[in-house]
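Got chain A sorted already, so can you dock chains B and C onto it with the hints?
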Amino acid sequence: MAERPGVYLRLAAAGLRAHARRPAYLAVRTAAAAVLVVVEVAGVALLLDRFGSVGGWRPAEVLLLFGLAFAAQGLALVAGNSLEADKVSELVRRGTFDQVLTRPASPLGWVVASYVDVRFLGRAAAGAGAVVWAADRAGVDWTPGRAGLAALAVACAAAVVFGILMAAAGATFVTVQGSEAVNVLVYGGLYLSSYPMQIYGSALRFLFLWVVPVGLAIYVPALGVLGRQGPPGLPGWLVWLTAPVAAAFLAAGGLAWRTGVRHYVGTGS
Amino acid sequence: MRSYLALLGAGFRRQTTYRLALAAGLVTNAFFGVVRTAVFFALYRERDQVAGLDVTDALTYVWVLEGIFAVVWAPWVWEMAEAIRSGEFLVELLRPGDPYLRLLAFDLGRTTSVLVTRTLPTLVVAGLVLDLRLPATLGGLAWLTASLVLAAVVSFQFRFLFGSAAFWTPDYRSMFMLLFPVLWLASGFVIPVGFFPAGLRALVDWSPLIPLLMAPVRVATGGPAALAVAGQAAWILVLWLAGRLVLAAAGRRLVVHGG
Amino acid sequence: MSALIEVAGLRKVFRTHRGPVEAVAGIDFRVEAGEFVGYAGPNGAGKSTTVKMMSGILLPSGGRVEVCGLVPYRERKRLARRMGVVFGQRTQLWWDLPLQESFELVGHLYRVPAADRRARLRRLEEVLALGPLLAVPVRSLSLGQRMRAELAAAVLPAPQVLFLDEPTIGLDVEAKASVRDFLRELNRAEGTTVILTTHDLDDITRLCSRLIIIDHGRLIYDGTVERLRGVYGTTRVLVVDLAEDEPVELPGAVPVRAEGRRRWFEFARDEVSAAELIARLLAGYEVADLTLEEPDIEDIVRRIYRGESPP
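Chains as they are written, first to last, in the working numbering: chain A, 1 to 269; chain B, 1001 to 1259; chain C, 2001 to 2311.
Isolated chain A (complex conformation) (with noise of 0.2 Å):
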């Protein structure tokens, strides 16, 4: 697997180069996707306002999350739009991927740098204003320790859903029609850990806080950037363990990934 980076980046750029000769429908593309996240933190901030708290936080903060949630969901897909259900099975279906195979490189990192699609970075970018407006209604005062903290919380969700797209992409290879009820946890995590997590029951905490620990990478950062405490059960210095819980996340979606490829060359399409 000693494949020189080199090659993924280049074939990346070749990607981007390729959508850069039509920058009309990029520029459409990105702004779509960065008005979708004002239009959705409008609504929730119209809402917020007329409830004036929900589980005891402020609206601001509240929309501190779902700029992190947003700025994480961003950024993992630029990556790993690829491996979203359909695109994979489209992959097999048409026999593309068997040639994927046929080259000398990581199917992985050759499906991915193929495929990076520039236009969510609009969303990752409007996640961030978000999180910046969001700050600033909140009375949040940067530090750099406290952009820190933002920043780990947007690499460590966007970590844990890479993870989550890799591990679908496996099972679509075993399954060829692809298991959209993955895009639950993708969208369905990032839209529960967009609110304080201790409004929820114990399950869904329990799911989202250990098994895809997206609602870890968000909701313990934030609470050192707003400088709140956490309910009991989640102490401050779990924010330590935010990167080693999502780095065992995404290797454990990369595992998935591997035994998907192998199930493919196993089995044949």
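Some hints here could point you the wrong way.
Partial pick of chain A residues on the chain C-facing surface, computed with a CB cut under 8 Å [to be verified]:
| no. | residue |
| --- | --- |
| 1 | R21 |
| 2 | G95 |
| 3 | D98 |
| 4 | Q99 |
| 5 | T102 |
| 6 | R103 |
| 7 | P144 |
| 8 | V261 |
| 9 | V265 |
| 10 | G266 |
| 11 | T267 |
If you want the ones that stay clear, here's a sample from chain A, every Cβ over 10 Å from chain C, calculated [said to hold, decoys possible]:
| no. | residue |
| --- | --- |
| 12 | G6 |
| 13 | L11 |
| 14 | V39 |
| 15 | A42 |
| 16 | L101 |
| 17 | A105 |
| 18 | W133 |
| 19 | G139 |
| 20 | R146 |
| 21 | G148 |
| 22 | A181 |
| 23 | A203 |
| 24 | L234 |
| 25 | A247 |
| 26 | L250 |
| 27 | G268 |
Honestly, the hints are just simulated from the structure, not real lab data. Cβ coordinates follow ideal geometry from the N, Cα and C atoms, glycine included.
Just chains B and C now, with coordinates in the frame of chain A:
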């Protein structure tokens, strides 16, 4: 007339074969419904009513939304546009009869299947587990059913209008993508229209997006049913006229450009 | 000296909902370096399954396969560096980018040193007439142009073995000829081993020194094209243009077709010689013209597919 009914049946049968997608869809609906329910429970913990809506209204909104989601945002949204670009659609336009009604019949068959296999179970299960404001009388249920079916019709009409952009441009998705956030918000899929600030709400209440979600929600939660359904019917008429204009223009274009 | 490709007892069983299906039921053959092998068989015979096992993208259910001294499914990436693959219908190139960029990407992917890449590319461009196409995006190329480009990209890293899947399908006569010339020269000058999967029998007769025919997962023929003719093509056809339209009886030959004054007679070459038959003909009838036709390879292969055993 019989051919339209046949199309309805064909559409219904076609959609019921997508069992795996149905299972995945139900899981998605259930999950988002549960999360939104938790959010509203938390929101209403310290207040009884906001903007005239209580927690039961809010939960009913959530589950009608989840139930009707796949009807409004039908997964086969671009099929017509693709058929137009590939040239297959020409066959449809050349057949005798009314292409709009034919497409509507087939589409309604599919959305009826979704109503039966997704909307109904979602509402029933949610209604049993939670305290929702769903109609208890036969009359009320009839109004709700009518409202849901009309929402399906309006959904088709929107998809037809968006899909017909394919007659004029190969990039039919871009315009939709730009409009989508507005549609998403103004139809009430982000938050209930009832929570909009007064000025915005007044504006949005008169839009053709209301029939998609808010109308059935209002019928369910005991608002003036006849009024809501009449509003849906009025918009169906307007959108139908728009559809006819589009078809005529498309027909002229095909004659000139040859498809 | 071990062969470049060694296949022994190769088997593949697929598990379908209808039960296990044996797509490849025990195949043995060896291909030495530098051979040009045609690989033919009816659809569903197991051709693509064996090629997939040879290229490492499918795991065999049994038997042994070795390509370039490597076990394909175990050392997929190492083997990938030494082999080239061209699929007739699908492209290995980058659709939206100018052709030149596809070649550069291939060069980097297969770690071809820049100087070598440029030199090789210049030669390939010349031979395949790709010069004016370099700036054109791949999606704008015609099928013939694209196929030449695919071949150039596949051989740019100087692979030891080249797997081709229907490379001439859909091409016009001129394009087919230039592709065939290129492959012939490649095999001759660089010693590249070529495995050509094809339905086009012209490809086989003009390019392949050896033909492997597979049907229902089993090898039914492995030998030269000439021997195929010799083993299965034991009949020849005498085509006669008579001076007058009259009925003709020719002992030793079977009339198979008649159109006006032209008659076709089929005879078994080991029963009567062409010379004898012609002598008999000329003795009894006035002949304006005559020719001898060799057995059509298409007929031969069709007969093999149909399961006719060799006479």
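### Minimum Cβ distance from A:A105 to chain C greater than 10 Å, as the annotation requires
violated, 7 Å
#### Entry: Exclusion check [A:L101 not at the chain C interface, CB over 10 Å]
Contrary to the label, A:L101 does not stay out of reach of chain C, its closest Cβ about 4 Å off (not over 10 Å).
#### Entry: Supplied contact hint for A:D98, tested at 8 Å Cβ to chain C
holds, 5 Å
#### Entry: Restraint satisfaction for A:V265 [CB to CB of chain C, less than 8 Å]
holds, 5 Å
### Query
Do the numbers back the hint for A:T267, that is, is its least Cβ distance to chain C under 8 Å?
Hint holds; A:T267 Cβ to chain C Cβ min 7 Å, cut 8 Å.
### Task
Double-check A:G95 for me: the hint is only fine if its C-beta lies closer than 8 Å to a C-beta in chain C.
holds, 7 Å
### Message
Please verify that the nearest CB of chain C lies beyond 10 Å from A:G268's CB.
### Response
violated, 5 Å
### Query
Going by Cβ atoms, does A:G6 stay more than 10 Å from chain C at every point?
For A:G6, whose nearest Cβ neighbour in chain C is about 7 Å away, the distance does not exceed 10 Å, so it is violated.
### Query
Does A:A203 sit more than 10 Å from chain C, CB to CB?
At about 36 Å from chain C, A:A203 clears the 10 Å cut-off, so the statement holds.
### Task
Test the statement that A:A247 is away from the interface with chain C: the closest C-beta pair must be farther apart than 10 Å.
The claim stands: A:A247 keeps its Cβ more than 10 Å from every Cβ of chain C (closest is about 25 Å).
### Task
Please settle this one: A:W133 was flagged as non-interface, so is its CB more than 10 Å from every CB on chain C?
Holds, because the least Cβ-Cβ distance between A:W133 and chain C comes to about 37 Å, which exceeds 10 Å.
### Query
Does A:R21 pass the interface check with chain C, least Cβ-Cβ distance below 8 Å?
holds, 6 Å
Checked against the numbered hints given earlier, the structure breaks hints 7, 8, 12, 13, 16, 17, 27 and satisfies all the rest.
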